[in-house]
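Top line first, the protein sequences correspond to chains A and B. Convert by adding 46 to the 1-based position in the first sequence; the result is the number in our numbering. Convert by adding 35 to the 1-based position in the second sequence; the result is the number in our numbering.
Rather than coming from a laboratory, the hints here were simulated on the basis of the structure. Since this is a predicted model, take the numbers as computed values, not measurements. Glycine is no exception: its CB is placed at the ideal position from the N, C-alpha and C atoms. Careful, some of the hints might be misleading.
[Said to hold, decoys possible] Lysine-lysine pairs mimicking BS3-like chemistry, simulated, CA-CA at most 25 Å apart:
| # | chain 1 | residue 1 | chain 2 | residue 2 |
| --- | --- | --- | --- | --- |
| 1 | B | Lys-313 | B | Lys-230 |
| 2 | A | Lys-150 | A | Lys-184 |
| 3 | B | Lys-93 | A | Lys-163 |
| 4 | B | Lys-93 | B | Lys-349 |
| 5 | B | Lys-349 | B | Lys-96 |
| 6 | B | Lys-93 | B | Lys-319 |
| 7 | A | Lys-150 | A | Lys-163 |
| 8 | A | Lys-48 | B | Lys-202 |
| 9 | A | Lys-163 | B | Lys-179 |
[As the list claims (entries may be wrong)] Computed spacing ranges between beta-carbons, pair by pair:
| # | chain 1 | residue 1 | chain 2 | residue 2 | range |
| --- | --- | --- | --- | --- | --- |
| 10 | A | Val-131 | B | Phe-285 | 39 to 45 Å |
| 11 | A | Asn-74 | B | Ile-397 | 50 to 56 Å |
| 12 | B | Ser-236 | A | Val-131 | 31 to 37 Å |
| 13 | A | Asn-74 | B | Phe-145 | 31 to 37 Å |
[As the list claims (entries may be wrong)] Partial list, derived from the structure: chain A residues whose beta carbon lies under 7 Å from chain B:
| # | residue |
| --- | --- |
| 14 | Pro-52 |
| 15 | Pro-53 |
| 16 | Ala-59 |
| 17 | Arg-73 |
| 18 | Leu-76 |
| 19 | Val-77 |
| 20 | Pro-78 |
| 21 | His-86 |
| 22 | Arg-88 |
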Amino acid sequence: MKFYIPPQLTRLALAFAIFITLFIVLRNLLVPDTFGQYGHYRGDSLIDNQQPEIHYSGQEACLDCHQEIEDMKQTDVHNTIRCEVCHGPGEKHVSSGDAADISKPDSREFCGVCHEKNAARRQSTIVQIRLSEHNTGKKCIECHNPHQPWEMKE
Amino acid sequence: MEPNYQHLYEILANSQGYIFPNEIDLQWGILIVVYPFVTGLVAGAFILASLERVFKDKILKPTYQIALLTALSFLLVATLPLISHLSQPQRAYEIMITPHGSSAMAIFGFVYLWYLMVVLLLEIWFDYRHSMVVWADEKKGIMKWVYRILTLGLSDISPRTLTWDRKLGYFITVVGIPSAFILHGYVGFIFGSIKANPWWSTPLMPIIFLFSAMVSGISMVMLIYMVVSYIRTKTMDINVLDSIGKYLFFVLILDFTIEGLDQIHRIYEAEESFETIKLLVEGKLYLTLFISQGLIGTIIPLIVLAFLQFYKGKIKLRKTLYFIIGILVLIGVYSMRWNVVIGGQLFSKSFSGFTSFKVGLIGLDGTLMAAFWLILPFGILAFLLWLLPPWKMVQEEE
């Protein structure tokens, strides 16, 4: 007896063959040329990632002009906090030199981001007060110099 | 207040205690809740269809095609919540063309393609082939060509070929059961394998997902069977409902036991994350876990289903009860997906704080989008039931 292959199977095999061929053709068209150049990603994406605008200048750029503030900062507890943590992204200010291009936060709430009482923060690491009780009505920087917090102003 | 930090104050107002910066915002929103829910309905509906075929449960026959078409409708939509969740949905096809063998996320491409192309479409094709050939002869105009294309141009309906349709269809069903288990077990694995998250990381997760999937799929097919019978003004067969209800009862018991086992294990082990998780389930997840998933979605349906195993009184009351139970179970399973996906992101990995989640209404990641992806499968199902009506199929003697 001749070996019998059901007609459904041959028809489905044909349909799958067409589908797989179509997939291979599409895949060749769609996969970017530089895919796999360095790893499982498009090699050119490295070039794309170099394109975005730079916002942060980095501390070294700040010190070119403001070394004296850094020297002051090194004498007190904010010594490990880098300029742009409080002043925000500084690249615009570095390139323009304009004082309006950098943020100089002076509100009580701003200091409160780190120094408002929070049970989950260690008091021994970060000194914390209650904004609602501690010298209300005055700005923090009227007494504390943010670059030298414990050298109290008179 | 400085505009640079304005948004930070707003976000921080919604968090409690100490959280890491990348935990402020939830990366996986409501659409990632919809995704395992929809995928679960597919696996569950298919497993119900397989019960009829493999175990030759004659009573369930009227739901066989409905279950298959339900599985297909939801499967076609299963990837779409993921795609609209991505901020770059136009890149979604890349997972298919550059598959990554060692990425659990990328494996979904293979799992999905296998289940759609090899299991579900083939099973439906073998099942409907005879009818489609007959319909292609009966119809005129464009529909004639639609059916002819659907048969792939094969019009052979000799008894020998039809026997092979049945044999091959049965073979696909047998292959399909482990495939359905893999499909939804895989979804559970995605969560269960994240060892950094104690709310997710348990080897029981794939099994929990699988059983809740079966629960939701069985309920969904039961509801659709009732609604379809109502729309067609046919009396629904109470024996069918009783039979589905019996399966639902047993699977729900298993589901409840395994999820309970997982929680008991967690409570007894009481690892370092336990205090946080305890606060989580007693606080932010209280409503969705204890009330919605536990009471509404599991305990009440279990009690009513147990009652229905013995009560064989008024048919109308039983039908109403089955309908309500179906809806409650679906609410429960949806809540379970919510508790896993959202719950797992609400506590900080520092175990010292919580963030909160507010669902947006509009946008690619909002409630309306989620509702749309949940409604769309019903539209597809209506179309499929019109194109391939199970009640107009050619009856074959077995």
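(message) Name the hints, by number, that the structure is in violation of.
(response) The structure conflicts with hints 3, 6, 9, 10, 11, 13, 16, 20, 22, although it agrees with all the remaining ones.
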